[in-house]
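The chain contents come next:
2 protein chains.
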Amino acid sequence: MSQPDTVTRILDAAEELFAEKGFSETSLRMITTKAKVNLAAVNYHFGSKKELVQAVFGRFLTPFTHKLDKELDKLSELKAEPNFNDVLGVLVKTMLVGVEPGVRDKKLSVFMRLLGLAYTQAQAHLRRFLFANYAVTYRRFINYLKQAHPDLSSREIFWRIHFAIGSVVFTMSSFEVLRNMAIEDTGVDSSIEDVMGLLMPFLSAALEQESPA
Amino acid sequence: MSQPDTVTRILDAAEELFAEKGFSETSLRMITTKAKVNLAAVNYHFGSKKELVQAVFGRFLTPFTHKLDKELDKLSELKAEPNFNDVLGVLVKTMLVGVEPGVRDKKLSVFMRLLGLAYTQAQAHLRRFLFANYAVTYRRFINYLKQAHPDLSSREIFWRIHFAIGSVVFTMSSFEVLRNMAIEDTGVDSSIEDVMGLLMPFLSAALEQESPA
DNA sequence: TCAAATTTAAAACGATCGTTTGGATTATCA
DNA sequence: TGATAATCCAAACGATCGTTTTAAATTTGA
Numbered sequence: 001m002s003q004p005d006t007v008t009r010i011l012d013a014a015e016e017l018f019a020e021k022g023f024s025e026t027s028l029r030m031i032t033t034k035a036k037v038n039l040a041a042v043n044y045h046f047g048s049k050k051e052l053v054q055a056v057f058g059r060f061l062t063p064f065t066h067k068l069d070k071e072l073d074k075l076s077e078l079k080a081e082p083n084f085n086d087v088l089g090v091l092v093k094t095m096l097v098g099v100e101p102g103v104r105d106k107k108l109s110v111f112m113r114l115l116g117l118a119y120t121q122a123q124a125h126l127r128r129f130l131f132a133n134y135a136v137t138y139r140r141f142i143n144y145l146k147q148a149h150p151d152l153s154s155r156e157i158f159w160r161i162h163f164a165i166g167s168v169v170f171t172m173s174s175f176e177v178l179r180n181m182a183i184e185d186t187g188v189d190s191s192i193e194d195v196m197g198l199l200m201p202f203l204s205a206a207l208e209q210e211s212p213a
Numbered sequence: 001m002s003q004p005d006t007v008t009r010i011l012d013a014a015e016e017l018f019a020e021k022g023f024s025e026t027s028l029r030m031i032t033t034k035a036k037v038n039l040a041a042v043n044y045h046f047g048s049k050k051e052l053v054q055a056v057f058g059r060f061l062t063p064f065t066h067k068l069d070k071e072l073d074k075l076s077e078l079k080a081e082p083n084f085n086d087v088l089g090v091l092v093k094t095m096l097v098g099v100e101p102g103v104r105d106k107k108l109s110v111f112m113r114l115l116g117l118a119y120t121q122a123q124a125h126l127r128r129f130l131f132a133n134y135a136v137t138y139r140r141f142i143n144y145l146k147q148a149h150p151d152l153s154s155r156e157i158f159w160r161i162h163f164a165i166g167s168v169v170f171t172m173s174s175f176e177v178l179r180n181m182a183i184e185d186t187g188v189d190s191s192i193e194d195v196m197g198l199l200m201p202f203l204s205a206a207l208e209q210e211s212p213a
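Each protein sequence line maps, in turn, to chains D and B.
One point on numbering: in full-length UniProt numbering, the residue at position 206 of the first sequence is 206, and numbering is uninterrupted.
One point on numbering: in full-length UniProt numbering, the residue at position 49 of the second sequence is 49, and numbering is uninterrupted.
Hints are supplied without guarantee of correctness; some may be wrong.
Think about it this way: if two alpha-carbon atoms lie no more than 25 Å apart in a straight line, the pair counts; the simulated SDA-like pairs of lysine to any residue are [as the list claims (entries may be wrong)]:
1. D:Lys-21 / B:Phe-131
2. D:Lys-21 / B:Lys-49
3. B:Lys-21 / D:Ala-124
4. D:Lys-107 / D:Lys-146
5. B:Lys-70 / B:Val-97
6. D:Lys-21 / B:Lys-70
7. B:Lys-107 / B:Asp-151
8. B:Lys-34 / D:Lys-107
9. B:Lys-70 / B:His-125
10. D:Lys-146 / B:Lys-49
11. B:Lys-50 / D:Lys-107
12. D:Lys-146 / D:Ala-124
Keep in mind the hints are simulated off the structure, nothing from the lab.
Everything numeric in this text was worked out from a predicted model, so none of it was measured.
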């Protein structure tokens, strides 16, 4: 698994097509045509389509989790008792840092779209792969949230976070559909930044809501 | 398009399989095997797989929108100026009324899962079908929300509602995945009712949040 | 330089897919 | 009852899928 050019071209093409169409709606022939490589190249370099799917996720999740780990290290050095917004701020910062502003929106929406597919598409092998490789960092992050809100139970933290993930993932991965609906409905067009500007306070209010128990 | 038994059996099987696997991951042979009908029956009764997908949505959306229209009629008779919770209450009531409590959870999660697929799967024909058939009731509902919150712009109403839809749809349509993650993470199992009990106040706080502008 | 690794090419594989066909079977109703 | 239409069935069609194979060309690195 070496030689940057062909492998990278396949990953680029696959990433874009997966995000656009989903996994089973994207054929290897579409990928290799777009990447301008031979059909057999995918099986040669990755072994199978499933492993290609995993490689696409691995390419951005591995550096991402490394950055997140480092940022969490920094945070715990700076503040002994970080609060909710600190921890979530680290997550957002990690998503944005090192990405050139020009391609930030594109990269981010592809990231979100793929994340959504990981949850909603029937790809048990992918969830096994993600769990096997990234569960440690994920759990570390959740634990920070937990200690930032000791009044909330683990159960409440878990579900609130995933309610929020649901909003973000759904909004980003259906963004083009929703954007057109919004124009149709309200006559006003909204960019991703505009919508994020509405989404953040929305989630803030929800996440910080007092538990009724 | 007559003869209730075969058509109904196909719709039942298709609905369940679509909700479980998605559209393109479900073959007509899976559907006809589960429905115990001949393979050709789908094309005979529905014309094509696409039209079957639309028929599955139509079967529950047509009575649903009729009920919703009636409930909105009732509401405007009862209260001249319904508030946010009144309007959303009508929606929830419409989803639950007439469904036997025994199968309510099953029906509801299938409904949500299908709704999520309509947004996230690559099925342009389906979104065209939904818009052509149900846009009127949808728009009427949104208008009620608007007049219940005249302080919010159409744009803010639209996006808040869809942030909320995102949470619900994501949570319900990934419920089995999330449920297993929650057990792994927190050691606590949660039923759909449990999670709904957390999700409702979460969304309440977010939807009613004061606009910063 | 020479062997190994990579890339391309072209073809075929077995499998599965949605769809179609033509005849058998069943239901409908004058 | 007998004719007409609706339904069902087994089988096949053509297309596409992921994957594999064989062979030649090219690049790479020790």
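Inset, instruction - Check each numbered hint from earlier against the structure, then list the numbers of those it violates in ascending order. - result: 4, 6, 7, 8, 9, 10, 11 and 12
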